[in-house]
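With chain A held as given, fit chains B, C and D onto it using these hints.
Listed here are the chains, written in short residue letters.
Number of protein chains: 4
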Amino acid sequence: MSTRIVELKKVKLKNPVFIEGLPGVGNVGRIAGGYLVEELKAVKFAELYSSHFMPFVILQKGATVHVLKNEFYYWKAKKRGQRDLIILIGDSQSINPEGHYDVVYTILDYLAKFKVKDMFTLAGLSVGEKKEKPNVIGATNDDKLIKKYSKYGIDFKSGENIGTIVGASGLLIGLGKERGINGVCLLGETSGMPLLPDPRAAEEVLKVLAKILNVKIDTSKIKEKVKEMENFIKRIESIQRKAILDIMKQKLPKIGKKAKEEELSYIG
Amino acid sequence: MSTRIVELKKVKLKNPVFIEGLPGVGNVGRIAGGYLVEELKAVKFAELYSSHFMPFVILQKGATVHVLKNEFYYWKAKKRGQRDLIILIGDSQSINPEGHYDVVYTILDYLAKFKVKDMFTLAGLSVGEKKEKPNVIGATNDDKLIKKYSKYGIDFKSGENIGTIVGASGLLIGLGKERGINGVCLLGETSGMPLLPDPRAAEEVLKVLAKILNVKIDTSKIKEKVKEMENFIKRIESIQRKAILDIMKQKLPKIGKKAKEEELSYIG
Amino acid sequence: MSTRIVELKKVKLKNPVFIEGLPGVGNVGRIAGGYLVEELKAVKFAELYSSHFMPFVILQKGATVHVLKNEFYYWKAKKRGQRDLIILIGDSQSINPEGHYDVVYTILDYLAKFKVKDMFTLAGLSVGEKKEKPNVIGATNDDKLIKKYSKYGIDFKSGENIGTIVGASGLLIGLGKERGINGVCLLGETSGMPLLPDPRAAEEVLKVLAKILNVKIDTSKIKEKVKEMENFIKRIESIQRKAILDIMKQKLPKIGKKAKEEELSYIG
Amino acid sequence: MSTRIVELKKVKLKNPVFIEGLPGVGNVGRIAGGYLVEELKAVKFAELYSSHFMPFVILQKGATVHVLKNEFYYWKAKKRGQRDLIILIGDSQSINPEGHYDVVYTILDYLAKFKVKDMFTLAGLSVGEKKEKPNVIGATNDDKLIKKYSKYGIDFKSGENIGTIVGASGLLIGLGKERGINGVCLLGETSGMPLLPDPRAAEEVLKVLAKILNVKIDTSKIKEKVKEMENFIKRIESIQRKAILDIMKQKLPKIGKKAKEEELSYIG
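Residue numbers (the working numbering), protein chains in the order written: chain A, 1 to 268; chain B, 1001 to 1268; chain C, 2001 to 2268; chain D, 3001 to 3268.
So that you can see chain A by itself, here it is in the shape it has in the complex:
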């Protein structure tokens, strides 16, 4: 089955900008993406399912089940200087290396239908300490973009020292280049503490993004929202953590002393 997209409604968009905000370090991308969708009242039009997500459903309020997925929202420009948007948010990334490529290529193939030419991916960057005012560090797939976007307060200088960007935020702009998409990854500095969603980093990322997109986002409610979300996010994360542990327990039973000797002799 791998990865597939279920389109809920046909949407016509004019030269849309693509925004990605999926789970990751400090949940910066997920928080920023989710808040953007809410503030803009963007409308869901497609869902992405993948066998590279955890094989379980999550029980929601009212005992209804929730399958892990990513969701595409659209928003139409309201005035001159704005552009149509496609926003991808969701509650999972691939749980295996190969899956990241599969999911990202599926997304890029879908974006091709909308002739997407510009992309911003939102992520966190673990810097090991909490910062009063987290920087927004930039990485891009075309150095011409550095000049274009530096004015928005993105720190491209520090980008050199990041090392790697693992998962969708990195691969989308990396593999998107070949499709002719200009891509910038906005990384909010965060402590990198696990299970700790970082609204401050998300806020800074959103401020930069709002300036670029020429939309007004009231970020004052973001902490409050995250507090509301926090319990839910923490719960999902601890569930995922537990589920991974459970599955691993099944797949990796303790190996005794005799393991080495017998290792190649199991086939009858």
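Just so you know, the hints here were simulated from the structure itself, not pulled from any lab data. Check before you lean on any hint, since a few could be wrong.
[Stated by the list, open to error] PhoX-like, lysine-lysine: derived pairs with alpha carbons at most 25 Å apart: (1) Lys177/A with Lys3069/D; (2) Lys157/A with Lys3061/D; (3) Lys1061/B with Lys2177/C; (4) Lys1069/B with Lys2117/C; (5) Lys2177/C with Lys1009/B; (6) Lys2079/C with Lys2148/C; (7) Lys211/A with Lys78/A; (8) Lys3061/D with Lys177/A; (9) Lys117/A with Lys3009/D; (10) Lys78/A with Lys9/A; (11) Lys1177/B with Lys61/A; (12) Lys2177/C with Lys2144/C; (13) Lys2113/C with Lys2041/C; (14) Lys1061/B with Lys2148/C; (15) Lys2221/C with Lys2076/C; (16) Lys3144/D with Lys2061/C; (17) Lys2117/C with Lys1009/B; (18) Lys3177/D with Lys2061/C; (19) Lys2144/C with Lys1061/B; (20) Lys1061/B with Lys2117/C; (21) Lys2044/C with Lys3144/D; (22) Lys1044/B with Lys1117/B; (23) Lys2117/C with Lys2148/C.
Same frame as chain A, but now just chains B, C and D:
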């Protein structure tokens, strides 16, 4: 190869209800499903094989080999107020995360041929202690169903706190929603002790299911049956457990102190 | 790529019997199969490659590389009472669970071209101790075959207690049944000591097989042959063992105390 | 997605020789291949991407992202006695066993378009100690080639004792044979110390290769170049190492004492 279904006979069914009972916590689903098939004298019409099951055959009485599989049975309504049934039972679920999606989508594609609109998945819910009278907790893919089925003694209230349902019972109703199938998962409370099939939990699940399906199931023999099955089930489980261990031993030889240093240097 | 068969020459065979002898416990199947090919001067006509084998080449005498593969040989009946044979031998089985199904289905699809109706798979059965006269234990995919083959000295009684047959020898007869192939697995009792090829068990398996096939096999040279092979086999096995270790070292670097805390936080 | 090649420009080559130089022991292949491309001013004409590479992008100078890939370069013969070349270099090999086959078959399929008949793969051979003058050990897919190439100072004698060649350098010549490609693997002796690129071994391999190809390569600058590269290579390797560790941490959380008991009971 992945997953495929071998149809043993063509069957015409009228608006059938789908029931799933596969191995899991306390083997509640497997026991309830198997007992239902036996009591109704349902007829096997298809088998499902998957490369996501363990790569071995089990030796049965008479030295004949048994390949791990899932089996589809049908039962035709005998009187007004009953409906045709498709019952899926079997001795395995996927041994890797991706496989669960593959198996479940294969099942859903097959059910589409029968225009299945209603589904019940049977499972156990580990509550950490043995209960005198285990509850049957419900989860669903549509909150309208809660009202419809609450009268049958299903506890949908507690469903919110389950966390996740891993494997086929959860994914079938979760992914089935998109196919337009109304799905309810019936979870019998069980202690969660490994290798311990729980006939009491299965009995409670079956009682609820029988009421919904308007069929008469004499559950008085279930303990007895499980005792008969117990040795067989225990044997299969301990075999599977051993086989997983053996395979893991092969794939995960003990790693000495030098592992870390050399880890990236194996390619010639 | 998965698994594919490269046909070296077109062969016409009349109602051939299929024999499988691949590596496994005590290398019983591999030794018996290889000796049979040599004694009958069977001719290679196809090779099977698979991405489920180890991703390396083995250096042979003369510095030429050897890719891991399975090989199909044929032998034509010389006199009445004999039948054409297809013999599969090789130096590897799948290194992952899914691969066993993939390889076995590829073999079965290929055998279908030759309308194979009868199959014998050769394997070792670990009994924990060296036996003076190892039994040949039988497992089958059709209990009618037990009567037919019991007269050849196969112990089908003990077959019930084997538990499982992992890999090609088990799956070939298990999945072959659905294709209408009568299958018997001949398991020579062996100590199960790793890296110890067991010519005695292979000899007993071969004796039974020769009687069934009505061919004359001089098994007196088998120990000698195995001694010749032993160094080679041991070398290949210790190479495989080392290679598995090396690959695992790369893929499973030691995990420190901080692993648990950080496990879900690697995505940027 | 697996593995795919993106062609950047159409190139016509006359009976080209294929050279592979990818990362591995002592980075001998990568250094030799990269230096060859630079010295010959070979031109890039295709890129290979694979879901079997690490799922991240690397940040480069100027904050631009770099997706892991392999790259095809061509060079046209300048004078009689030379031949057109296709040179494959890159920064990754597959991170899982199956992927090696997938990548290698994708390369071989692509080479078939250029009717490649001769191939040299460049690699390091870990000998456990630093050598003043490292030998270049040869392995081949056809023993007729030993005579042809021995005069170039390749030690085919020692090739017998190598054991295995893991990854692309081995599989390319091994699987290439079936495609009718004459293949020689040139292995430079190196200490096998991890993270230590070995320019001396690469130099010796290059000298042999230059003689065979009848091209002039000034190897005097190789140490210098490697020193320049060293920081970059070390950085990439330590990043990869860290990333593998991070991903493994996610996928292999520590397993407590209860793991064994619960291992098979996670499915609801």
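Straight-line alpha-carbon gap lysine 1044/B to lysine 1117/B, limit 25 Å: holds (21 Å)
Pair hint lysine 2177/C and lysine 1009/B, alpha-carbon separation not exceeding 25 Å: Distance of about 17 Å is within 25 Å: holds.
25 Å limit on alpha-carbon distance, applied to hinted pair lysine 2117/C and lysine 1009/B: holds (23 Å)
Pair hint lysine 2221/C and lysine 2076/C, alpha-carbon separation not exceeding 25 Å: It holds: about 23 Å lies between the C-alpha atoms, which stays within 25 Å.
Agreement of lysine 1061/B and lysine 2148/C with the hint, judged by alpha carbon distance not exceeding 25 Å: holds (17 Å)
Pairwise hint evaluation, lysine 2148/C against lysine 2117/C, where the allowed Cα distance is 25 Å at most: The given pair, whose Cα atoms are some 15 Å apart, holds under the 25 Å limit.
Agreement of lysine 3177/D and lysine 2061/C with the hint, judged by alpha carbon distance not exceeding 25 Å: Holds, because 17 Å separates the two Cα atoms, which is no more than 25 Å.
Agreement of lysine 1061/B and lysine 2177/C with the hint, judged by alpha carbon distance not exceeding 25 Å: holds (17 Å)
Given pair status - lysine 2117/C, lysine 1061/B, alpha carbons within 25 Å: holds (24 Å)
Given hint lysine 78/A paired with lysine 211/A - CA-CA distance at most 25 Å: holds (15 Å)
Holds or violated: lysine 2177/C to lysine 2144/C, with C-alpha atoms at most 25 Å apart: Roughly 13 Å separates the two Cα atoms, so the pair holds.
Hinted pair lysine 2144/C and lysine 1061/B, Cα distance within 25 Å: This hinted pair holds, its Cα atoms lying about 13 Å apart.
When held up to the earlier numbered hints, the structure conflicts with none and fits them all.
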